[in-house]
Amino acid sequence: MSAPLLSLESAGTVDGTPPRPDASAPADVGRPDRRSWPRRVVVAASYLLVPLLLLLIWDRAVAAGWIPSTLIASPGQAAEQFFTLLREGTLADHTRISVGRLLQGFAIGSLLGIIVGTAVGTSRVAARLVEPTVVTLIPIPAVAWVPLLIVLFGIGELSKVLVIAIGSFCTLFLHTSHGVRSADRKLIEVAAVLEKGRFELVRRVLLPSALPEIFAAMRIAMALSWALLIVAEVVASSSGLGWLIWDARNFSRPADMIVAMAVTGLLGKLSDVLLGLLAKRVLRWRDTYGG
Amino acid sequence: MTDLLEVAIDGKSVRVMRRSRQILGPVRFGVPQGEFVSIVGPSGCGKTTLLRCIAGLDREFSGRISVGGERVRGPGLDRGVVFQEPRLMPWMSVRDNVLFAAPERTDAARRRVDELLALVGLRGFEEHWPKQLSGGMAQRGGLARALFNVPRLLLLDEPFGALDNFTRARMQQELLRIVASEHLTALFVTHDIDEAVMLSDRVFVMGLNPGTIVEEVAVDLAHPRDRNDLAFVALRAQVERLLPEGQTAVAA
Amino acid sequence: MHHETPVRRPRRRLALAPLAALILVLAAFAAGCGSSDDSSATAASGGGGSASAPETIKVGSFSKAVDYAPYLIARKKGWFEEEFAKDNVKLEFKEYDSAPSITEAFGSNRADFVFLAEVPALIVQAAKIPVRVSKISAAIPFTAVVAPDSDIQTPADFKGKKIGVLTGTGSHYGLLKVLSEAGLSPGDVEIVNLAPDDAKAAFESGGIDVWAVWPPYVQQEEVAGQGRIVEGGDDARIFSILAVRGGFYDEHPEQVERFHAVLDRARTWLKDNPDEAKAIVADELGFDKPIIDASWAVNDWDAPLDEAIVSDFQSRAEFLKDGGFVTRRVDVAEENFVALPEG
Numbered sequence: 001m002s003a004p005l006l007s008l009e010s011a012g013t014v015d016g017t018p019p020r021p022d023a024s025a026p027a028d029v030g031r032p033d034r035r036s037w038p039r040r041v042v043v044a045a046s047y048l049l050v051p052l053l054l055l056l057i058w059d060r061a062v063a064a065g066w067i068p069s070t071l072i073a074s075p076g077q078a079a080e081q082f083f084t085l086l087r088e089g090t091l092a093d094h095t096r097i098s099v100g101r102l103l104q105g106f107a108i109g110s111l112l113g114i115i116v117g118t119a120v121g122t123s124r125v126a127a128r129l130v131e132p133t134v135v136t137l138i139p140i141p142a143v144a145w146v147p148l149l150i151v152l153f154g155i156g157e158l159s160k161v162l163v164i165a166i167g168s169f170c171t172l173f174l175h176t177s178h179g180v181r182s183a184d185r186k187l188i189e190v191a192a193v194l195e196k197g198r199f200e201l202v203r204r205v206l207l208p209s210a211l212p213e214i215f216a217a218m219r220i221a222m223a224l225s226w227a228l229l230i231v232a233e234v235v236a237s238s239s240g241l242g243w244l245i246w247d248a249r250n251f252s253r254p255a256d257m258i259v260a261m262a263v264t265g266l267l268g269k270l271s272d273v274l275l276g277l278l279a280k281r282v283l284r285w286r287d288t289y290g291g
Numbered sequence: 292m293t294d295l296l297e298v299a300i301d302g303k304s305v306r307v308m309r310r311s312r313q314i315l316g317p318v319r320f321g322v323p324q325g326e327f328v329s330i331v332g333p334s335g336c337g338k339t340t341l342l343r344c345i346a347g348l349d350r351e352f353s354g355r356i357s358v359g360g361e362r363v364r365g366p367g368l369d370r371g372v373v374f375q376e377p378r379l380m381p382w383m384s385v386r387d388n389v390l391f392a393a394p395e396r397t398d399a400a401r402r403r404v405d406e407l408l409a410l411v412g413l414r415g416f417e418e419h420w421p422k423q424l425s426g427g428m429a430q431r432g433g434l435a436r437a438l439f440n441v442p443r444l445l446l447l448d449e450p451f452g453a454l455d456n457f458t459r460a461r462m463q464q465e466l467l468r469i470v471a472s473e474h475l476t477a478l479f480v481t482h483d484i485d486e487a488v489m490l491s492d493r494v495f496v497m498g499l500n501p502g503t504i505v506e507e508v509a510v511d512l513a514h515p516r517d518r519n520d521l522a523f524v525a526l527r528a529q530v531e532r533l534l535p536e537g538q539t540a541v542a543a
Numbered sequence: 544m545h546h547e548t549p550v551r552r553p554r555r556r557l558a559l560a561p562l563a564a565l566i567l568v569l570a571a572f573a574a575g576c577g578s579s580d581d582s583s584a585t586a587a588s589g590g591g592g593s594a595s596a597p598e599t600i601k602v603g604s605f606s607k608a609v610d611y612a613p614y615l616i617a618r619k620k621g622w623f624e625e626e627f628a629k630d631n632v633k634l635e636f637k638e639y640d641s642a643p644s645i646t647e648a649f650g651s652n653r654a655d656f657v658f659l660a661e662v663p664a665l666i667v668q669a670a671k672i673p674v675r676v677s678k679i680s681a682a683i684p685f686t687a688v689v690a691p692d693s694d695i696q697t698p699a700d701f702k703g704k705k706i707g708v709l710t711g712t713g714s715h716y717g718l719l720k721v722l723s724e725a726g727l728s729p730g731d732v733e734i735v736n737l738a739p740d741d742a743k744a745a746f747e748s749g750g751i752d753v754w755a756v757w758p759p760y761v762q763q764e765e766v767a768g769q770g771r772i773v774e775g776g777d778d779a780r781i782f783s784i785l786a787v788r789g790g791f792y793d794e795h796p797e798q799v800e801r802f803h804a805v806l807d808r809a810r811t812w813l814k815d816n817p818d819e820a821k822a823i824v825a826d827e828l829g830f831d832k833p834i835i836d837a838s839w840a841v842n843d844w845d846a847p848l849d850e851a852i853v854s855d856f857q858s859r860a861e862f863l864k865d866g867g868f869v870t871r872r873v874d875v876a877e878e879n880f881v882a883l884p885e886g
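Just so you know, the sequences run in chain order H, X and Z.
The opening position of the first sequence corresponds to residue 1 in the working numbering, with each subsequent residue numbered one higher.
The opening position of the second sequence corresponds to residue 292 in the working numbering, with each subsequent residue numbered one higher.
The opening position of the third sequence corresponds to residue 544 in the working numbering, with each subsequent residue numbered one higher.
Be aware that one or more of the hints could be misleading.
Claimed, not checked - Once the Cα atoms are required to be at most 25 angstroms apart in a straight line, the calculated DSS-like pairs of lysine-lysine come out as:
hint, chain 1, residue 1, chain 2, residue 2
1, X, 422, H, 280
2, Z, 832, Z, 619
3, H, 186, X, 422
4, Z, 743, Z, 637
5, Z, 620, Z, 601
6, Z, 633, Z, 619
Hints were generated in silico from the structure; no laboratory data involved.
Okay, chain H solo, but in the shape it has when bound (with noise of 0.2 angstroms):
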């Protein structure tokens, strides 16, 4: 039974099927090949269908007059708006005026609520200092803030940059201070074994254990900061997307509405999907059930 040390090596074999390197690929478990070029047109399908056919309710409705045209443009007239306003630069100026001040706002939102959700989660004297005071603070809506941030602030970028600061930090604050804490205590229980001390528990076990709670944080907080941006816009602006809707409510030109909601909201997406993206790196090493 004295086997030579080399033989070991092969043991992967033979307890089961050898693992896969990359093993990141979902179970596809049952699902027929994806790679068909006829499958793919169906796939593309179903995708464009729910889209479309509200596009045509949209434009089936402004043009028999169910909507006003005065308050609803329909999607042809918003396309050549959008067109008209990309051409003459407005769109691309309200645009970065608006990006700018969210990337800001959630940035340092989500950096802080990052912070002292972890101080909190990890550290007793931390969350007793700390958590009653936020707790408290976080079922007031964001855009309540608003006022009280004008009066302190002013009514420039710092105030906006606040409310979607204030926004994305209480999203993360929970989430983060949530995830430490259901981190599975069999894996601290090896860094206890092991002497680690508690910065590096908290940097090599906690943090990391909640990086998944912390993504999908990540995500509802960059939702909120495009609403509250929008908010923010609309009360003491003269630039960004949100006062652009509102001056194109105020005046009744819906075109310029529709094509500012529209922007925004493709933003908005495309922002989600970047952060899904990014998720997904980080996060490779998960083993969980795709969808």
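Let chain H serve as the given structure and place chains X and Z on it in line with the hints.
Just chains X and Z now, with coordinates in the frame of chain H:
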């Protein structure tokens, strides 16, 4: 010469729905340096609890446990633990998981990691994610990690349960070799009597309700041991007689 | 650990369903797409003739302003109810805080008479929702407040400043007019959209340098020592008017007449009893009496609704279109935007 491990537990109870249940009764024993001791018993007898108390992960008991003369107050590097589950960090590669045991990630540490991985038969899988390993392979990774710091006392909780016969036999031999060459002391929990007799110098038999050491069986056979040997078979039968009927696992 | 289960063959019929449905949708779209015309269905039906009296008359006003005085007085004294009870017509009164809500109310027939400035009314008309301007409550000059110690003396000094104004109002138009008269373009200043409540906070905390707004808001700051008033010239006058929903005007001319009669009564009474009138306005708007006292003088209660108004409104309509605010150039005369009184 004092024993490396001295266990003097008076008892441990837990509260379950307003009622007190005694998990462990009085447990007293000593293990000298270099000895390999197995603890066998039916499920629920508290052998894992006992191991956790020695590891320092469970401090809710009355009594005293000391290692090397010093009282155990919590987990430590001097007591390496191989758990029942692999407990690898999912976000670290196999290599990084073993490297996690290193106080500092030096080049020497990295070399040692690779050696250990080769030792447990995981060479070629260093960069894999834990999710890509079979249960047995992951468990071997956990063993490599526990061995990194050459702990004076190695505590193992049914570490080879998930392995097939062939691999388990090889791992048992590897374990014996490492323990011998590094002069480790080992405390090995298992429900497999064959395994206990194969590996140990002494086998402690634990009973249920409350958990106590019912009997000690000394195993004086020379290594390598043959499970078909008469003396082996006799010892095995002796141990089995001590266990409650129908509550043991037959050698798998 | 990762075993393969046998692959199932896809059921072909189900897989093709989305594709078939998509083709159908595209076909329907293509068929209908060419004919998407702008049929605004809110044009008034047929002319004249007294239709039977409506059950309820819905009256509204845009924000709070001293120049609504005739309306406020008549409402407080119950003269509307007196007049319309003869036909068992009820009245509903409402305050709007944004121009779009007024546009939408007119557009969905949820408002019949609204008191507002001429600019918001033009915006409604430009959106192809017909309204008729049938009365002028008062004409006022363009006004703005600046900090008492500010170095701003005239609109020319607005250059480079932050100006708060509710966009789409007479004040907004007035602001743009005084800027152009001072040789400034909108790019020379920063115009921030702020409703009166938000603007008040911003102005008092120094967030904006200039607050372009109408009485009593400007006087409120002045009386409190928080601001100094800057006025614009004659060309930047603002008209506080009554706008009647086009459909209502055509279907119920006699109700419109009676409504006018009530307002005329109120205007006469207002000039004969100024002090009491101010008290009522103060009460209805929720401002202190001294503020209303200070706001009274700038209102020209006798501004006539005549041909000059028609051409004045036309130039405003052009301004709105050329400035890119609205998408349509209103033809004031052609569309009967102004309903001149007979005789």
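Given pair status - residue 619 of chain Z, residue 832 of chain Z, alpha carbons within 25 angstroms: Status holds; Cα separation ~16 angstroms.
Sort out whether residue 637 of chain Z lies within 25 angstroms of residue 743 of chain Z, counting only the CA atoms. Judged against 25 angstroms, a Cα distance of about 23 angstroms means the pair holds.
Pair hint outcome, residue 422 of chain X versus residue 280 of chain H [Cα-Cα no greater than 25 angstroms]: Measuring from Cα to Cα gives roughly 15 angstroms; hence the hint holds.
Residue 186 of chain H and residue 422 of chain X: Cα distance at most 25 angstroms? 17 angstroms, holds
Against the 25 angstroms threshold, does the CA-CA distance of residue 620 of chain Z and residue 601 of chain Z hold or violate the hint? Roughly 18 angstroms between the alpha carbons, so the hint for residue 620 of chain Z and residue 601 of chain Z holds.
Would you check the hint for residue 633 of chain Z and residue 619 of chain Z, treating anything up to 25 angstroms between C-alpha atoms as holding? 15 angstroms, holds
The structure shown violates none of the earlier numbered hints.
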